[in-house]
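Since the structure of chain A is provided, determine the placement of chain B on it from the hints.
From first to last, the protein sequence lines stand for chains A and B.
Heads up, the numbering used here is the position in the first sequence plus 315, with the first residue counted as 1.
Heads up, the numbering used here is the position in the second sequence plus 209, with the first residue counted as 1.
Keep in mind that the hints were calculated from the coordinates and are not lab data.
Quick caveat, the model's predicted, so the values are computed rather than measured.
Be a bit skeptical, because a hint or two may be false.
Just so you have them, the derived chain A footprint on chain B, three or more residues with Cβ under 8 Å [claimed, not checked]:
| id | stretch |
| --- | --- |
| 1 | 320-329 |
| 2 | 337-343 |
| 3 | 354-364 |
| 4 | 413-420 |
Backbone N, C-alpha and C fix where the C-beta goes; we use that ideal spot for every residue, glycine too.
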Amino acid sequence: MHMADALLAPAVAATMYVASGAAAGVSIHQLKKEDDPQKLPTMAVTAALVFAGQMINYTIPGTGSSGHMCGGMLLSALLGPQAGFLSMIVVLTIQCLFFADGGLMALGANIWNMAFYGCFVGYYLIWRPILRGNSALSQRARIVLASVLGCVVTLQLGAFSVVLETSLSGITELPFGAFMALMQPIHLAIGLIEGAVTAAVLVFVYAARPALLRDVDAQGGRYSLKATIAILAIVAAIVGGGLSHLASSDPDGLEWALFGNAEAGYSENMGLDEEDFGLSSSAADTAGAIQERTSFLPDYAFADSDSAAGTTVSGLVGSAMVAGAAAIICLAGGFFRRKKVAA
Amino acid sequence: MNRMEKALFELHEMDDLAARHSAVHDLCPLAKLLTTIAYILIVVSFSKYDLSGLFPLILYPAIVFQFSGIPPAVCFRKTRFVLPLVLAVGLFNPLLDRTAVLRLGGVSVSGGVVSMLTLMLKGILALTASFLLMATTGIDRLCAALRQLRVPGVLVTLLLLTYRYVGVMTEEVGVMTDAYHLRAPGQKGIHHSAWGSFLGQLLLRSMDRAGELYSSMLLRGFRDEFPYVETRKCAGKDVLWLGFWTGSFLLARFVNIAQLLGSLAVR
Numbered sequence: 316m317h318m319a320d321a322l323l324a325p326a327v328a329a330t331m332y333v334a335s336g337a338a339a340g341v342s343i344h345q346l347k348k349e350d351d352p353q354k355l356p357t358m359a360v361t362a363a364l365v366f367a368g369q370m371i372n373y374t375i376p377g378t379g380s381s382g383h384m385c386g387g388m389l390l391s392a393l394l395g396p397q398a399g400f401l402s403m404i405v406v407l408t409i410q411c412l413f414f415a416d417g418g419l420m421a422l423g424a425n426i427w428n429m430a431f432y433g434c435f436v437g438y439y440l441i442w443r444p445i446l447r448g449n450s451a452l453s454q455r456a457r458i459v460l461a462s463v464l465g466c467v468v469t470l471q472l473g474a475f476s477v478v479l480e481t482s483l484s485g486i487t488e489l490p491f492g493a494f495m496a497l498m499q500p501i502h503l504a505i506g507l508i509e510g511a512v513t514a515a516v517l518v519f520v521y522a523a524r525p526a527l528l529r530d531v532d533a534q535g536g537r538y539s540l541k542a543t544i545a546i547l548a549i550v551a552a553i554v555g556g557g558l559s560h561l562a563s564s565d566p567d568g569l570e571w572a573l574f575g576n577a578e579a580g581y582s583e584n585m586g587l588d589e590e591d592f593g594l595s596s597s598a599a600d601t602a603g604a605i606q607e608r609t610s611f612l613p614d615y616a617f618a619d620s621d622s623a624a625g626t627t628v629s630g631l632v633g634s635a636m637v638a639g640a641a642a643i644i645c646l647a648g649g650f651f652r653r654k655k656v657a658a
Numbered sequence: 210m211n212r213m214e215k216a217l218f219e220l221h222e223m224d225d226l227a228a229r230h231s232a233v234h235d236l237c238p239l240a241k242l243l244t245t246i247a248y249i250l251i252v253v254s255f256s257k258y259d260l261s262g263l264f265p266l267i268l269y270p271a272i273v274f275q276f277s278g279i280p281p282a283v284c285f286r287k288t289r290f291v292l293p294l295v296l297a298v299g300l301f302n303p304l305l306d307r308t309a310v311l312r313l314g315g316v317s318v319s320g321g322v323v324s325m326l327t328l329m330l331k332g333i334l335a336l337t338a339s340f341l342l343m344a345t346t347g348i349d350r351l352c353a354a355l356r357q358l359r360v361p362g363v364l365v366t367l368l369l370l371t372y373r374y375v376g377v378m379t380e381e382v383g384v385m386t387d388a389y390h391l392r393a394p395g396q397k398g399i400h401h402s403a404w405g406s407f408l409g410q411l412l413l414r415s416m417d418r419a420g421e422l423y424s425s426m427l428l429r430g431f432r433d434e435f436p437y438v439e440t441r442k443c444a445g446k447d448v449l450w451l452g453f454w455t456g457s458f459l460l461a462r463f464v465n466i467a468q469l470l471g472s473l474a475v476r
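So that you can see chain A by itself, here it is in the shape it has in the complex (with noise of 0.2 Å):
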């Protein structure tokens, strides 16, 4: 779920900046507030271990398939929201500076997307509630819920960031509903292993050093955790079930955004036969039309398409000319390192 540069407007990218920023503002000014200096190398060194922990390929029962862990929600279970999320921060930087795995400049968003959620939003509205809620579920039972919610809502909430961050760029012609409906259902997916495994590291935490998992005291509940697992399988078969229903019954984000739903009442989206679409149709005659609909920035067109056509080809033979002035720099460098060499 890295985001590129490339994928976000500057004016986005700022505002992520800010928002993230602000985020790391607080908490910092929390963790001076708590005054546990010895807190510095336990975030470091757990942050190492997301970093490297989350390259471990984890096998998917009954699928060739594999998973990793779910940092944040890890993080934010181990150290607090304020310190997992400054963790999160670094890892997040160290992937970007080291690995080109996200961009400098998507840093903010991304450090949004994956850190804030997992962290603030799974530990205040998902992990305290439910470890510190008076519910009938045992202890390991609750950190399982726990863990699976917290990572599935929050790469949900990643996931429609990214989409929303880049279609307020306008970088993607692809239109809104649509590039949520192909990111969202992925990420349902991967939130439900990523949880998985994050429980199972949790859990085996809290067997060995409860006292290291915050929110989490040693009373037990009524319901074990076989049986709240059973319970979560028929739970998700049923929401599934429903889900698939409703799925199947209406049409997903490209099929509406390409040929509309007349029974709400978009039947002119895009004005496409879906029936004859590609030999009556012709999409590139309402091509226009559609993007006018559908796109959040619209004004990046040409101005002027005559003199548009008239300067391309200036552009082209200037382009070639800047990319043979690059390859003189390129041989230009080469040889005189050779010669330095030989020298």
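Okay, now just chain B, sitting in the frame of chain A:
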């Protein structure tokens, strides 16, 4: 070589590149950081159809590669993470934006193709600039520059400390993964029965290690922040570097240099 060993190799490779000496390496880290930020901002600010306007900006990485002696192949290997997502987003443009914007010979090129190419070029240029910053600066000097920019000390110290431990942890996880796979040949990943204990054990050991680490840091005189021996103020050549490049980027942003050169040649 497993994934962790590859990651370690890349980390060491970047450290080795940053330890070299060249005209670019010797510049003040703050000037390089600000130049990189200016470059990325200008690159991403181009409109999605302005491929020819964006193109002259390839000269910056081309020149820095030459002045610094950094092999471009190392950089392009790193695009494997970023380009797939950029491609996935840009790939729909040719399908959805079919308005013909130029003709090359008898072939019409749609706006979608131009915007996709612009997006890819933006992705590569922004990534190359970040790579060149790290390959010519290194983490210590970059952290010193961040402190000069008044980034909070807690965050910078955490970044430096985490970077040191990323190497140690990645190596340890790599050894554990190798050991696991030697005992479970033919298995793709970690079996679900070991999901918790595999990383959990390392986590517990690491948390204990963090306490010992802090004690040793205190014994060696640590007082909330590392002293940055590499900190130095920007000199004349650093200001010149920053001013020259920022001016050039702005010129390229507001004047279509490729088109200008082309029109001179065509005329």
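Comparing the hints with the structure gives:
| no. | hint | verdict |
| --- | --- | --- |
| 1 | 320-329 | holds (count 5) |
| 2 | 337-343 | holds (count 5) |
| 3 | 354-364 | holds (count 3) |
| 4 | 413-420 | holds (count 6) |
Comparing the model with each earlier hint shows no violations; every hint is respected.
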